[in-house]
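On the provided structure of chain A, position chain B as indicated by the hints.
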Amino acid sequence: MYKSWWKILSVVLLVYTFTAGILINVPRLPQLQETIRNLFFHVCMWFSMMILFTISFVNAIKYLRTGKFIYDISSRQYAAVGIVFGLLGYLTGSIWMSYTWADPNNPAYASFSSIAREPKLIGAAIALLVYFAYMVLRDSIMDMDKKARISAVYNIFAYAMLFPSIWILPRMLPSLHPGGEGNPALNFNDIDSNMRLVFYPAVIGWALLGVWITTLKIRLKILKEKKLIK
Amino acid sequence: MSSFRHIYTLFKKDLLLELRQQYSFYGILLYICATVFVLYMAMQEPEAKVWNGLFWIIQLFICINAVAKSFLQESRGRMLYFYSIAGPRDFVLAKLLFNSLLMVLMSLLSLILFSLFLGNPVQKGPQFIGLVLLGGWSLSLVFTFLAAIAAKAQQNAAIMAILGFPIIIPQLMLLMKLSNTVFNYSNSIPFVTLLLIIALDFLVILLSVILFPFLWKD
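Going down the list, the protein sequences come from chains A and B.
Following the working numbering, the numbering of the first sequence begins with 176 at its first residue and continues without gaps.
Following the working numbering, the numbering of the second sequence begins with 138 at its first residue and continues without gaps.
Next comes chain A alone, as it looks inside the complex (with noise of 0.2 Å):
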């Protein structure tokens, strides 16, 4: 019991989420309106698939610190669940964008060539299309332990090149996404008192949730090894 206290919080957390995100009064912007509510859905999403992805580095340092195979085991699939998170992120946002930033004349995907620009979208695209070829990589590879060190070091690599990069760059290109100046949605005047309320809760208890899935898919790879090894 003592070990699964994290996983009663997320669930605890995400529940509150779902109600206090949908019911508690939010401001009425222009523009905005309701849709408001999907920062505690849309946001928290990335805000998991980076901390998915950061776990995953650190499974690959790891790996090439020690060698043991349970941390390659680790980082591969902590960065497949950040792919999904990044996934899901792109779904949330383009329901919400399809409200607030499509022209209303044209169907939304008539506004797609236009809204593709935007930098956050540009920074998110790279870092989901870098993990997608890690996994290409490790597939490439047959040997076992070469596989785990080429890809460790791709990961570390990559990563190491992708995050200045999509921190740094939506900063010096125009862009219509909130949170152009400083960190989005952390800044102290950005989100409104009430909303931070259910934010912050919202962030780890999806990022509980992200790690939660992946420790099942660790115990089962790590299962299917045994099975594969007898």
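No wet-lab data here; the hints were simulated from the structure.
Note that the Cβ used here is the ideal one computed from N, Cα and C, for glycine as well.
Just some of the chain B residues that point at chain A, by a computed CB distance under 8 Å:
id	residue
1	F282
2	I304
3	I306
4	L333
5	L348
6	F351
What follows is a list of derived Cβ distance ranges for each label pair:
id	chain 1	residue 1	chain 2	residue 2	range
7	B	L246	A	R394	54 to 60 Å
8	B	F339	A	R240	20 to 26 Å
9	B	K314	A	L262	26 to 32 Å
Straight line, CA to CA, 25 Å or less: simulated BS3-like cross-link-like pairs of lysine-lysine:
id	chain 1	residue 1	chain 2	residue 2
10	A	K402	A	K243
11	B	K186	A	K295
12	B	K150	B	K354
13	B	K206	A	K321
Coordinates of chain B only, in the frame set by chain A:
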């Protein structure tokens, strides 16, 4: 001190190889000429923005072709030999140095060919040459390390493109943004962006020196 000598010797070895079997140098040269000629056939005098975009994309492809062979040409036995006489750090630094030189040369050549065939919309010549050198250097650094990964994975240059394109996009965007300013006298070059590119280059060198020893072990 001996480290410098190692790097110098390995660098000289690559240079001598290049000078003796010139097919790779001429191969890349021919690649540049053919590409620029095809572009010339497709569009005679593109406007400045198109010119800029085409120029950097061509640089990217030249770089992949020029750098890809640097690790692929070393056979297993030869790698083992290098392993016994030099450290991995010296080895990767020598490769980075050699590829930087190669790519800087190729960038200059392609700039000359571009301005001959496709017209020259650049108004601030010296600044643009500086930018081209910096850009060629940045591209060569990133792709040298990726070539090492691709060679270790026993894959061809295609995987290099898959691994490298997402990583290089931010640098390429910064370079294009910088070089968009040279088409007009009134624009000044943003200094912070320039510094950012140089900082990223040093980050790549640092990462290669740290990570290459792990790739090298077999």
